[in-house]
Amino acid sequence: MNCDAVIRELSNYIDGELDPSVKHELELHLTGCKECTMVIDQTKMTVELFCNEEPVDLPAEVKSRLHDALHRKFREHAT
Amino acid sequence: MLCATLMGERMNAGFVPRPGPNLSVANPHRLPSTVAREDEHLLVASAKRGDTKAFEELVSRYERKIFRLTMNITRNREDAEDAMQDAFLKSYTHLKDFDGDSRFYTWLVRIAANEALMRLRKRRPNQFSLDEPVEGDDDLMPRELEDWGPKPDQRFEQTEMHEILSGVIDKLDPDFRTVFLLRDVEELSTEETAKALGISVPAVKSRLLRARLKLREKLHRYFRRSAPN
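Keeping their order, the protein sequence lines are chains B and Y. Take the first sequence: its position 67, counted from the start at 1, is 61 in my numbering, and no numbers get skipped. Take the second sequence: its position 131, counted from the start at 1, is 132 in my numbering, and no numbers get skipped.
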């Protein structure tokens, strides 16, 4: 497997979706390729950073508008 | 679910999360989806029986995440608010149609993503073409390669990091951004993402790969060892 093929399989590899034989071939390549190892590690970290982003609190006025709209909807359904 | 997997790997490797958000029951927004959804079906069942408090609990639980999603897709505050609100109202109206085949949250994400995409298409009709092929047989090998050093993210304050992430995702094409958000941030499966966006599974996979590589490349200029702090 060459570097280009490794990058094409990168997503499948980090998602754990590669066939065992392809995974083995890819990991064999990684043992001798510093560049591909770096790209895979940095891509994993990229995903992890976005995963770990804490959603911000809703601004009070947005929350209030949302819940007012919900209550109107609840009343509509009740009648 | 790469996010939960990566989190697990880090924990197993002795990784200690940064101070701040903790993985605790008191903070369900930070929990991997497998834990956060435990009582979701009970709330949904109550809401279906007409318990509005149960539905409000679902809204309170997910409003921040749904707003983050609509904001990240539309990149416009007004559109994001409208899309979020309409997503919750529509999910209430159509709750009887929710069959429980997927998580309620996944169903809600699908509605919210479509509300957000509709507004994005209206605002930027020429820049957006989710239903058209955008990926070619281009060379994907990253050109810029340099070590990021240990824990590059810890070189930045939380607010600064938030701005960096927000800035880089803003520059990503909507086609790639939306797939990345649904798959990697909201943790939908490839199939669920394809269904939500009305595109094929290979298209989701292709766009996800490109999105991840592009985001890595954009973060590279902040994280490489030789980057000015």
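Bear in mind the hints are in silico, worked out from the structure with no lab data behind them. Certain hints may be false.
To be verified - Short, incomplete list of chain Y residues facing chain B, as computed with Cβ under 7 angstroms:
#1 E58
#2 E64
#3 F99
Unchecked claim - Non-contacting residues of chain Y with respect to chain B, defined by C-beta distances greater than 12 angstroms in every case (computed):
#4 V45
#5 M119
#6 R122
#7 K123
#8 R124
#9 E147
#10 V169
Each residue gets a CB set at the ideal place from its N, CA and C atoms; glycine is no exception.
A quick look at each hint next to the structure:
The beta carbon of E58 of chain Y comes no nearer than 12 angstroms to any beta carbon in chain B, farther than 7 angstroms, and the hint placing it at the interface is violated. For E64 of chain Y, the interface hint holds, the least distance from its beta-carbon to any beta-carbon of chain B being 6 angstroms, beneath 7 angstroms. At a threshold of 7 angstroms, the smallest CB-CB gap from F99 of chain Y to chain B is about 15 angstroms, leaving the interface hint violated. The beta carbon of V45 of chain Y sits about 16 angstroms from the closest Cβ of chain B, which is more than 12 angstroms, so the claim that it is off the interface holds.
For M119 of chain Y, the condition that its CB be more than 12 angstroms from all CB atoms of chain B holds, with the nearest at approximately 18 angstroms. A cut-off of 12 angstroms between C-beta atoms confirms that R122 of chain Y is not in contact with chain B; the least separation is 23 angstroms. At roughly 21 angstroms from the closest C-beta of chain B, the C-beta of K123 of chain Y stays outside 12 angstroms, upholding its exclusion from the interface. Non-interface status of R124 of chain Y relative to chain B is upheld: no Cβ of that chain comes within 12 angstroms, the nearest being about 19 angstroms off.
Interface exclusion of E147 of chain Y from chain B breaks down, the closest Cβ pair being 8 angstroms apart, not more than 12 angstroms. Interface exclusion of V169 of chain Y from chain B breaks down, the closest Cβ pair being 9 angstroms apart, not more than 12 angstroms.
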